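*Asks:* Below are the chains, spelled out letter by letter.
Protein chains: 2
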Amino acid sequence: MFLIDFEPVGRRGQCRGEQSLLACARDLNVDIVSICGESGKCRRCKVQIISGEVSSPTAEEKKAFSEKELQQNYRLACRTFPRGNVKVHIPPESLTAPQRTQVEGLALEVNPEPPVAALAVRMEAPTLDSPEPDDRNLWTALEQQHGIQSGSIDMMVMRTVSRSLRDAGWHVSAAVRETEIVALGKHSTRWIGLATDIGTTKIAVYLVDLETGKTIASKGLMNPQIAYGEDVVSRITAAGKSAENAAKLQTLLVDGLNQAITELCRQIDADRTSIVEAVVVGNTAIHHLFLRLPVKQLGLSPYVPAVRSAVDVKARDIGLAIAPGAYVHLLPNIAGYVGADHVAMLLAADIVEAPGVTLAIDIGTNTEICLNNNGKMTSVSCASGPAFEGAHIKYGMRAAPGAIEHFRLTGVERDIQTIGGEPAVGICGSGLLDIVAQLRTNGVLDARGRMAEHHPLVRERDGGREFVVVERPGKDDITVSQKDVRELQLAKAAIRLGIWALVESEGLTEEQIDSVIVAGAFGTYIDIESAMAIGMLPPLPTERFSQVGNAAGTGARLALISRSRRMVAHQIASLDGYMELACIPDFNRRFAEASSMSWQMSIQSARV
Amino acid sequence: MFLIDFEPVGRRGQCRGEQSLLACARDLNVDIVSICGESGKCRRCKVQIISGEVSSPTAEEKKAFSEKELQQNYRLACRTFPRGNVKVHIPPESLTAPQRTQVEGLALEVNPEPPVAALAVRMEAPTLDSPEPDDRNLWTALEQQHGIQSGSIDMMVMRTVSRSLRDAGWHVSAAVRETEIVALGKHSTRWIGLATDIGTTKIAVYLVDLETGKTIASKGLMNPQIAYGEDVVSRITAAGKSAENAAKLQTLLVDGLNQAITELCRQIDADRTSIVEAVVVGNTAIHHLFLRLPVKQLGLSPYVPAVRSAVDVKARDIGLAIAPGAYVHLLPNIAGYVGADHVAMLLAADIVEAPGVTLAIDIGTNTEICLNNNGKMTSVSCASGPAFEGAHIKYGMRAAPGAIEHFRLTGVERDIQTIGGEPAVGICGSGLLDIVAQLRTNGVLDARGRMAEHHPLVRERDGGREFVVVERPGKDDITVSQKDVRELQLAKAAIRLGIWALVESEGLTEEQIDSVIVAGAFGTYIDIESAMAIGMLPPLPTERFSQVGNAAGTGARLALISRSRRMVAHQIASLDGYMELACIPDFNRRFAEASSMSWQMSIQSARV
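These protein sequence lines map, in sequence, to chains H and F.
According to our numbering, the first sequence holds residues 6 to 613 in order.
According to our numbering, the second sequence holds residues 6 to 613 in order.
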């Protein structure tokens, strides 16, 4: 056993010689980025050995790093094994540390009709003359004082009912869900609901007062499953490898949520057992991994979910540490790659009621798009890839301090804005979008995305061109390479093709779209004009666009506090027609077309 | 660690010096009787040390055994600790080994309307053009082929649904309970139900084909909780001592049931996961211990159950190893000492429909009696004690091989019948009842139960009289002592007083009872005339009595295969008015009266 010290996070602990530094970091809950399932390919788990003996660089590492970097002891954590006590430096871009996570979203404009009612009752203690059984005593009081018919009592509540009634002096508050008592407490108990939007990368957690419908605490955190891959496909692959992995992916997630719940409860001085209902949304893969449902068939054509319908499970059955009798409600999925988070977003955007032609887009590693053409809803899913999260981009990084998030080019004058105003360490998704858009509008990129040969800020490096975004004295310059531009083109082409396919299938033109709702953390930060400049979004008057933030989180909270909103979510999932992009005739040619910066939809050419 | 060898059961294993022989026996799954919670008082855990060093006899043991017995190395297992390797002989009367356990009962005369329907469906595999999610595919098939509306799927079934459908080639059988799919298997799966009557002493387990309603296997076993006390009060006390004890009492019971299920499944070559519904009945304490519900309030006045209503819990939540999605249904209780087994008995006896005045009695350690007076039902509970199980009786024993079960006295001529025709080793409940009745009718006992001083078979021993039942050359004679007679009088007085209280409260006389249903294993074996001779049962023409065997087990099976019978059970529990015997005015005087052998109910004297 060796002592490994991770800096600057300051975490240290024991590690075995046969464990890679990445495995060791995971054991110590240090979140190092890894996208490729530890195959040495993604090169994201870059660390620097500060002191101590480690294994020699592997072929993958020699390929990943320059001679100079190797001399500076830069290594891939997944390929490096300790040979003694080691001190490791983790560069910011390799950390999946807590970052700006969007928890704000649309306001909750709905009257609370919570699925769990809080009913306070007074009872008489039993006597020999009237030896009323505890459950009957409670139900009789609920009927007399609230007109509630007898139903069932959760087993965990049954196990404490006798003590609860006596400890509370026969004056209690029952949390009643439909016909079941899911929790029992003193008459003054404030019952709370939990809503969470579990993204592939980020998680938003909210605590809501079930009576008032008010959000009383919220928190953003990273999805701890990231250790098993940044996109859902790598997690599906990991879960498919062994039942142990699948179990680990589930417990990682639940443990992360439980930790967040503990913190939020501390903030508002509440007991976690007063959380009597939870609503969880996420994409279909996350939804399945959270419930430990089978995911193998999600990764194979025709990519079907095991479960589409809304699901109610006991919190205890999945390890969520809230009231033991509480239910977790998962909104319905639509298809293998259009999940409950999309349904929640559509619920928050009130798309069912939207007049005219509305487009709702949730941009992420996977982008889901829904078109509501006067009541007829259709959704598609586009594999937009992790470029927006900074992956596969040479200087890409998450939206963390030091990330370039906005950029303007005037001649050779470059203006950059970084998150937190910190010295630039990399480029996040919105920054990349801005840079590429500025390069395009300034003619540094042509319509096909080719970088100009002769430009003062363009240079040849490693057999390709790159644009220098910012010079860093004593360090590498931060650049955007021709390859990075290609990555972004693939991402934007996927989204634009999705929009095209939806509009086309309804016999509309993009011009006929009355409003575009852009949701998701990334969607909130992007410059809509930049997105239009590179052809990711259709060219429409900017006033038709609205950026709504974490609409999925808002939808989850709506479904938490309102039974009728829950019904609407069910309606959305049932009504929404799913269109499989892979089934579009001539898909590859159209995709290539859509990757052009100046691609404009043409009805004539597009009609199939 | 010492090696302990238990004979004649032939079990041996390691034991620590600080473990009593009783604790050691339990660790090795050797079932030694113990009634008093290991306090050295009940003297039932008698063993004989054959070889090896043990601790010295304690004061309790010196009191429990004669000088001769101590010389023969008779010891109380709960008071004896090994000092080296030890060989122990367990006398038959100290063993709670499998015995005659009644599993037969009334025939099931009911059309099966099982709560779980077996529905075979064929589906189409999903394609890219029709990527139907697995759950929707299944529900659509259920709707089209069986007219079943969409409902929910148990989480454990969800977790295997994708594999189940594909492994079965999209031709499956769904076990549907109300609106929930609780199991999924190949289309040819035979779905089975489990019914069990858990007595304080004995357990009857049945497997039933849910489609035909036929019982396909059954088995009797001892309740393994007996190690924690023979009556429910000692088990309530034990469970109240620590949460650990309560947990142990529950797992002991569930483990015993799981073992029985394994054996029964082997007999009929079925998989335990094809058991998709279970019905459990037992008295209120057993019911609560089985679910690990609070029992403390059951042991304290006013003795109220935590839960009276019928309960449905997931089998997995209580550790019952059947289909993971299966429910366990527990019939309702009526009161703290009138439980679900009584409801099941009344269900099997069809008491709701019985015309005239019907009395139904389930005799046991606790005896429950119900009077149906032309549709008005009232029940009482009588603490008849464990005398019928052979406890607190000098030569008492369970109904095991060698137990005297029938006895006739003609002058000084004694005829005995033992179970299995084995040499007599003790007296079981029905034997004791016969002996006392014969002593009474032959004038050896007077009306108050006093043993005659001058009778060739009566002798003075240890300061009291005893009747010699059988001489055993080279061994102790088997006798019935004056004290044993008193024990039986207490038991019979409790029962008769219960009958009196019910009849009296309806303003009836015993003569007006049209029929008496005697249920329970003990009730099946007793001689009704003997019971009348000692005044345990009212003197009525014998044709008014029917002995129905394990009616509780029959009731459990009825509730297992018929939803409408389940509703009737609910009706019984709701309609049945419970009367608390302790509330009878002048209880003690009446109890003393009822202990007389010749007590006859007198309306005048009895009316309160």
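Hints in this document: simulated from the structure, not taken from any laboratory.
No experiment lies behind these values; they were computed from the predicted model shown.
Incorrect hints may have been included.
Note that the list lumps identical chains together, so a pair holds whenever it fits in one copy or between two copies.
No farther apart than 25 Å at their CA atoms in a straight line, the calculated lysine to aspartate or glutamate pairs in the DMTMM-like style are these [what the hints assert, rightly or not]:
#, residue 1, residue 2
1, K301, D134
2, K319, E516
3, K46, E183
4, K191, E74
5, K399, E476
6, K381, D134
7, K92, E12
*Asks:* Decide, hint by hint, whether the structure agrees.
*Replies:* Structure-based check of all given hints:
| no. | hint | verdict |
| --- | --- | --- |
| 1 | K301 <-> D134 | between (61 Å within a copy, 19 Å between copies) |
| 2 | K319 <-> E516 | neither (47 Å within a copy, 55 Å between copies) |
| 3 | K46 <-> E183 | neither (51 Å within a copy, 51 Å between copies) |
| 4 | K191 <-> E74 | neither (63 Å within a copy, 59 Å between copies) |
| 5 | K399 <-> E476 | within (15 Å within a copy, 100 Å between copies) |
| 6 | K381 <-> D134 | between (64 Å within a copy, 20 Å between copies) |
| 7 | K92 <-> E12 | within (7 Å within a copy, 64 Å between copies) |
When held up to the earlier numbered hints, the structure conflicts with 2, 3, 4 and fits the remainder.
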